[in-house]
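Chain F is already provided as a structure; the job is to place chain G with the ligands on it using the hints.
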Amino acid sequence: MEPIFSKQQRTGPVLFSKYNRGDAIKKALETGRENVLFEIKSSKLKGRGGAGFPTSTKWMLTAAAKADQKFLVCNADEGEPGTFKDRVLLTEYPELVFDGMVVGGYTIGAKEGIVYLRGEYEYMKKYLEDYLHLMRKDNLLGNSILGVSDFNYDIKIRMGAGAYVCGEETALIESLEGNRGEARNRPPYPVNTGYNGRPTSVNNVETLAAAAHIVVKGGDWYAKVGTDKSSGSKLFSISGDCNKPGVYELPWGTKVSDLLKLVVAKETKAVQVGGASGICLPASQFERTLAYEDIGTGGSIMIFSKNRDMLKILKNFMEFFVEESCGQCTPCRIGNVKLLEGVEMIEKGTFTFEYINKLKELGATMQVASKCGLGQSSPNSFISILDNFKDEILNKIEA
Amino acid sequence: MDKNKKSRAPVSQQSLKVEKPTDPTSIGGMITVELNEKKVSVPLGTTILEACRQNQIHIPTLCHHEDLCIAGVCRVCAVEVEGMKTLQASCAFPITASIKVKTSTSQVRKARRHIIDLMLSEHYGECYSCLRNGNCELQSLAQEYGVDEYTFGHCDKPKYEIDKSSYSVVRDMSKCVLCKRCVRTCIDLQEVGVLESIDRGDKTHIGTFMEKPLADVICINCGQCINRCPTAALKANDPSDEIWAAIDDPKKHVVIQTAPSPRAAIAECFGIGAGTSLTQELNTALKRIGFDAVFDTNFTADLTILEEGTELIIRLYKALVGGDKSVALPQFTSCSPGWVKYIEHYYPEYLDNMSSAKSPQQMFGAILKTFYAQQVNVDPKDIVSVALMPCSAKKFECNRPEMDSSGYKDVDYGLTTREMAKMIKEAGIYLPEMPKSHFDSPFGDASGAGLIFGATGGVMEAAIRSVVEFVTGNKAEDIFANANVTPVRGFEGVKYVELPLGDKVGPVPELIKHLVPNWDWLKGATLKVAVAHGTANAKKIMDDIKAGGIFSQCHFIEFMACPGGCIGGGGQPIPTSLEIRKARAKAIYAEDESLELRKSHENPYVTMIYEKFLTDGPCGHISHKLLHTHYTPRGKFIS
Ligand SMILES: Cc1cc2nc3c(=O)[nH]c(=O)nc-3n(C[C@H](O)[C@H](O)[C@H](O)COP(=O)(O)O)c2cc1C
Ligand code: SF4
Ligand code: SF4
Ligand code: SF4
Ligand code: SF4
Ligand code: FES
Numbered sequence: 001m002e003p004i005f006s007k008q009q010r011t012g013p014v015l016f017s018k019y020n021r022g023d024a025i026k027k028a029l030e031t032g033r034e035n036v037l038f039e040i041k042s043s044k045l046k047g048r049g050g051a052g053f054p055t056s057t058k059w060m061l062t063a064a065a066k067a068d069q070k071f072l073v074c075n076a077d078e079g080e081p082g083t084f085k086d087r088v089l090l091t092e093y094p095e096l097v098f099d100g101m102v103v104g105g106y107t108i109g110a111k112e113g114i115v116y117l118r119g120e121y122e123y124m125k126k127y128l129e130d131y132l133h134l135m136r137k138d139n140l141l142g143n144s145i146l147g148v149s150d151f152n153y154d155i156k157i158r159m160g161a162g163a164y165v166c167g168e169e170t171a172l173i174e175s176l177e178g179n180r181g182e183a184r185n186r187p188p189y190p191v192n193t194g195y196n197g198r199p200t201s202v203n204n205v206e207t208l209a210a211a212a213h214i215v216v217k218g219g220d221w222y223a224k225v226g227t228d229k230s231s232g233s234k235l236f237s238i239s240g241d242c243n244k245p246g247v248y249e250l251p252w253g254t255k256v257s258d259l260l261k262l263v264v265a266k267e268t269k270a271v272q273v274g275g276a277s278g279i280c281l282p283a284s285q286f287e288r289t290l291a292y293e294d295i296g297t298g299g300s301i302m303i304f305s306k307n308r309d310m311l312k313i314l315k316n317f318m319e320f321f322v323e324e325s326c327g328q329c330t331p332c333r334i335g336n337v338k339l340l341e342g343v344e345m346i347e348k349g350t351f352t353f354e355y356i357n358k359l360k361e362l363g364a365t366m367q368v369a370s371k372c373g374l375g376q377s378s379p380n381s382f383i384s385i386l387d388n389f390k391d392e393i394l395n396k397i398e399a
Numbered sequence: 001m002d003k004n005k006k007s008r009a010p011v012s013q014q015s016l017k018v019e020k021p022t023d024p025t026s027i028g029g030m031i032t033v034e035l036n037e038k039k040v041s042v043p044l045g046t047t048i049l050e051a052c053r054q055n056q057i058h059i060p061t062l063c064h065h066e067d068l069c070i071a072g073v074c075r076v077c078a079v080e081v082e083g084m085k086t087l088q089a090s091c092a093f094p095i096t097a098s099i100k101v102k103t104s105t106s107q108v109r110k111a112r113r114h115i116i117d118l119m120l121s122e123h124y125g126e127c128y129s130c131l132r133n134g135n136c137e138l139q140s141l142a143q144e145y146g147v148d149e150y151t152f153g154h155c156d157k158p159k160y161e162i163d164k165s166s167y168s169v170v171r172d173m174s175k176c177v178l179c180k181r182c183v184r185t186c187i188d189l190q191e192v193g194v195l196e197s198i199d200r201g202d203k204t205h206i207g208t209f210m211e212k213p214l215a216d217v218i219c220i221n222c223g224q225c226i227n228r229c230p231t232a233a234l235k236a237n238d239p240s241d242e243i244w245a246a247i248d249d250p251k252k253h254v255v256i257q258t259a260p261s262p263r264a265a266i267a268e269c270f271g272i273g274a275g276t277s278l279t280q281e282l283n284t285a286l287k288r289i290g291f292d293a294v295f296d297t298n299f300t301a302d303l304t305i306l307e308e309g310t311e312l313i314i315r316l317y318k319a320l321v322g323g324d325k326s327v328a329l330p331q332f333t334s335c336s337p338g339w340v341k342y343i344e345h346y347y348p349e350y351l352d353n354m355s356s357a358k359s360p361q362q363m364f365g366a367i368l369k370t371f372y373a374q375q376v377n378v379d380p381k382d383i384v385s386v387a388l389m390p391c392s393a394k395k396f397e398c399n400r401p402e403m404d405s406s407g408y409k410d411v412d413y414g415l416t417t418r419e420m421a422k423m424i425k426e427a428g429i430y431l432p433e434m435p436k437s438h439f440d441s442p443f444g445d446a447s448g449a450g451l452i453f454g455a456t457g458g459v460m461e462a463a464i465r466s467v468v469e470f471v472t473g474n475k476a477e478d479i480f481a482n483a484n485v486t487p488v489r490g491f492e493g494v495k496y497v498e499l500p501l502g503d504k505v506g507p508v509p510e511l512i513k514h515l516v517p518n519w520d521w522l523k524g525a526t527l528k529v530a531v532a533h534g535t536a537n538a539k540k541i542m543d544d545i546k547a548g549g550i551f552s553q554c555h556f557i558e559f560m561a562c563p564g565g566c567i568g569g570g571g572q573p574i575p576t577s578l579e580i581r582k583a584r585a586k587a588i589y590a591e592d593e594s595l596e597l598r599k600s601h602e603n604p605y606v607t608m609i610y611e612k613f614l615t616d617g618p619c620g621h622i623s624h625k626l627l628h629t630h631y632t633p634r635g636k637f638i639s
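Listed in order, the protein sequences are those of chains F and G. Per the numbering used here, residue 1 is the first one in the first sequence, and the count goes up by one each step. Per the numbering used here, residue 1 is the first one in the second sequence, and the count goes up by one each step.
Please keep in mind that the hints were generated in silico from the structure rather than gathered at the bench. Predicted model, so just to flag it, every value in this text is computed and none were measured. Using N, Cα and C, we set each Cβ at its ideal position, and we do this for glycine too. Take the hints with a grain of salt, since some may be wrong.
To be verified - Cross-link-like lysine-lysine pairs, in silico, DSS-like; alpha carbons within 27 Å at most:
#1 Lys111/F to Lys636/G
#2 Lys348/F to Lys381/G
#3 Lys44/F to Lys20/G
#4 Lys20/G to Lys66/F
#5 Lys41/F to Lys85/G
#6 Lys203/G to Lys358/F
#7 Lys137/F to Lys156/F
#8 Lys636/G to Lys358/F
#9 Lys66/F to Lys6/G
#10 Lys110/G to Lys358/F
#11 Lys315/F to Lys159/G
#12 Lys229/F to Lys85/G
#13 Lys38/G to Lys85/G
#14 Lys513/G to Lys315/F
#15 Lys390/F to Lys358/F
#16 Lys252/G to Lys287/G
#17 Lys348/F to Lys159/G
#18 Lys358/F to Lys157/G
#19 Lys110/G to Lys390/F
#20 Lys528/G to Lys539/G
#21 Lys360/F to Lys110/G
#22 Lys358/F to Lys20/G
#23 Lys312/F to Lys203/G
#24 Lys203/G to Lys360/F
#25 Lys17/G to Lys111/F
#26 Lys66/F to Lys17/G
#27 Lys157/G to Lys85/G
#28 Lys348/F to Lys157/G
#29 Lys315/F to Lys495/G
#30 Lys110/G to Lys315/F
#31 Lys360/F to Lys539/G
#32 Lys540/G to Lys636/G
#33 Lys85/G to Lys358/F
#34 Lys102/G to Lys360/F
Unchecked claim - The calculated label-pair distances, taken between Cβ atoms and stated as ranges, are:
#35 Asp387/F to Ser106/G: 20 to 26 Å
#36 Asn243/F to Cys155/G: 55 to 61 Å
#37 Ala364/F to Glu426/G: 44 to 50 Å
This is chain F alone, in the form it adopts within the complex (with noise of 0.2 Å):
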């Protein structure tokens, strides 16, 4: 089977290490579940999805939960603005994320697994469906899957609508269920009330990639790679002012300046970690490490060379949640527009700075009042853009 892309050779310590398709499910199949997790209890592997909840206790708390059904679901949504690595697990190493699939329903006891797949990823959904086809000939998928009577499991694509809060876990569940983008009350956990209110495993394209490796070559060689706190590897996808932008796989702990270095990265005013989303680090700061203990990220990096405007790409940022956030609470719903008003009047020089430090402790209430993780991550840019980039931007003011 062709990927839908000719198959760059990439090369990386981890996930782009070899592998070949159904290792994974003949090894955990002839294992047992218990060693799944053990493996990846002992690989340290933390969610990639941006919040870096640990994948083993995700997995052990959905296998305790009593119920009649349970869901594991691939979350393909890859909504953060400068993330798409996702794009690249999905169609160059399927096998990858598939088998992650696979062997994390086997491990939490679903029959069912769910890729909910970004609505501009439509174009790959046929090449997804033939390749779980392929599974499915080869007894990957399906009943009895390689002669173990009792594990029937099968994976359905299902498109998302285009917010990028359906990338949250809970509003992503309410959209699977047919309902409005909008994330719910928790506690409960999916974990125990998740997609048709059964215990759901959400796990984001690359944990489940990792998962894979993980499984067939264990938890010690994955822990191997990274720093203590934040095990193995992570892919960066790397845009804006450089001249090598792409998918890179490199370890955590990797330094922002050696980053930069990789990608030909010149004259770099600010490096945005983690998207829209994410901090803006100024110069002074390149040299922290990506790594949960410093600086946890999704994987979005954008390179900002000396010549871009702070303001104007603040602004695009809050213009983006404006639009973005679900509308249900307060704190996200009109703070954001309160935040992206507070640009704008720096931008025309009608602010104040009494105004503008208010503005700052909105966004410290959004950051903890909000309902789901778009209001609470929202003003972080804005707060670090602010607070990092204050010269420039006053600056421009007075000139």
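Same frame as chain F, now just chain G with the ligands:
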């Protein structure tokens, strides 16, 4: 709220339902939590908000309403839970572990103030020109948090056009704070589903199917959303200016009928706790305001019992004795106009089961512009007929094109309890201090049976009091202590009752002798009846009937569109809660017990009108023309 009901609201608009243990002494049944450093023990699954309220800790709320599922969207009830990175919405947080909660840290206070400031920044409205001034939860929150300026600005222009298309509900979305209470009322409490959030982000607003005007969608006009809206974004379509104009016009003879439920609730608009009836004080106040005559809707409630009861007897006789398979049974009550519109939209195939009897309001309207006009010698075109109702759907009902059997618009205006209170205040009257007076002739004071129409089960009870006396010849008091038919009372959503009529039957009363020769065919029969209040409960019965369940075996079913019946109507004072509705019902039952006359057929004015005017008796030609109606099948998405 019925915790076991499968809600049709999206899960995002609900909170976790942790089964509260039935036996709190069981292991793990009680959980010790720290609320502001005070240790308290609460049953598993209690929300932080509930736990705090039980312990005299006040937490502000806005999107929370005790009748509704919990959305957790306004976030004003935020509290700190130790160990959690973010604040938690206390209304949506069920306690399942031994947590430590702080309800008034500086972070919490700042967040709440920010949230209130944000809502005010998007809220278009000036309190002094607003209907809800003084009874608005947004206003109270702003006051509670000492808001003395618009921190984040204020809109100076309305964002949306006001939707006045509906006879019943006016929507002014510029005043909406998106608490979604109306959405949850409509889809979850009432299971109608007219309203939903539309669009996203800053464009989010509450809208209807395809953004059509409310009059063009499946709104049943119940007004329950109005009762639960914290602001003036939803209100009833108020005709009081037209009524004042009529009162001020010397050529007009302005009459008003008052229904029992407003009388049991209007005191709340004057700062008196729920549960005080001001019936006779209201009579005096209305005369002082300038109404030419004040009548009791209960008169036509009594008439409804005779018409609807006779209709039922005819149906049963045709079906049981005549073997006529085309007779539609069970017969459904038709006095709740919200229910009428609901069945027209959702179960139009069952419209034959509806009693053709008009509601008491419309019967009165038809009689006022015919019989009464003759009696007082006034040209019916000069009569302005007003109905004080607990209900917003009554406004739609009186505007139905078929409601003109007097040759004029039978009822000109439906006025809600809230609007009446406003008119009384405007007239400079403090209602609770009015002297008492009686209703005007020629309809006088009515029976207690008509009175209890206001509470769920009341129509059924009134009907049973008369039917058992008609059929068995015994006094209702001999069968039910004090003639209180308690099995059909109470606030359970759906009630099913079987009443064996016994082997002894009496003579057929004079009034309906021409319709049935004797009662022998009812010997040993068991009357099966049911009662539902709130359309969500009505839906349960209708779906059961469709599936051929026990309710399909009933003879007579009472349906009320509003939770609690009319006492919980969409025109009643705000706020509403189960406790308030219970207090209002109690007031009505107490008033009923205090009356001599407690059965519709004993009302002498009813006897009088059949003698003088409706001379061919219940369900005869005259009453068919004036007191009966027909229904219109409607669409599932648009009206
Ligand atoms: C607004 C918002 C958008 C999100 N979008 C995505 C997304 O596109 N893909 C993703 O995997 N996780 C996304 N997440 C994170 C998910 O909620 C969830 O944490 C993740 O899917 C869990 O998988 P993981 O544990 O493998 O990371 C988003 C979160 C928020 C708050
Ligand atoms: S934080 Fe934003 S996206 Fe999340 S629930 Fe609230 S309004 Fe919706
Ligand atoms: S809705 Fe409330 S806050 Fe708004 S104008 Fe009316 S009274 Fe004031
Ligand atoms: S009046 Fe009743 S049916 Fe109409 S929108 Fe309000 S709650 Fe829904
Ligand atoms: S109309 Fe009223 S009840 Fe509905 S969301 Fe707006 S403020 Fe809340
Ligand atoms: S009252 Fe709790 S979130 Fe609104």
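Worksheet item: Quick check: which numbered hints come out false for this structure?
Response: Result: hints 1, 2, 3, 8, 14, 22, 27, 29, 31 and 36 break, sorted rising.
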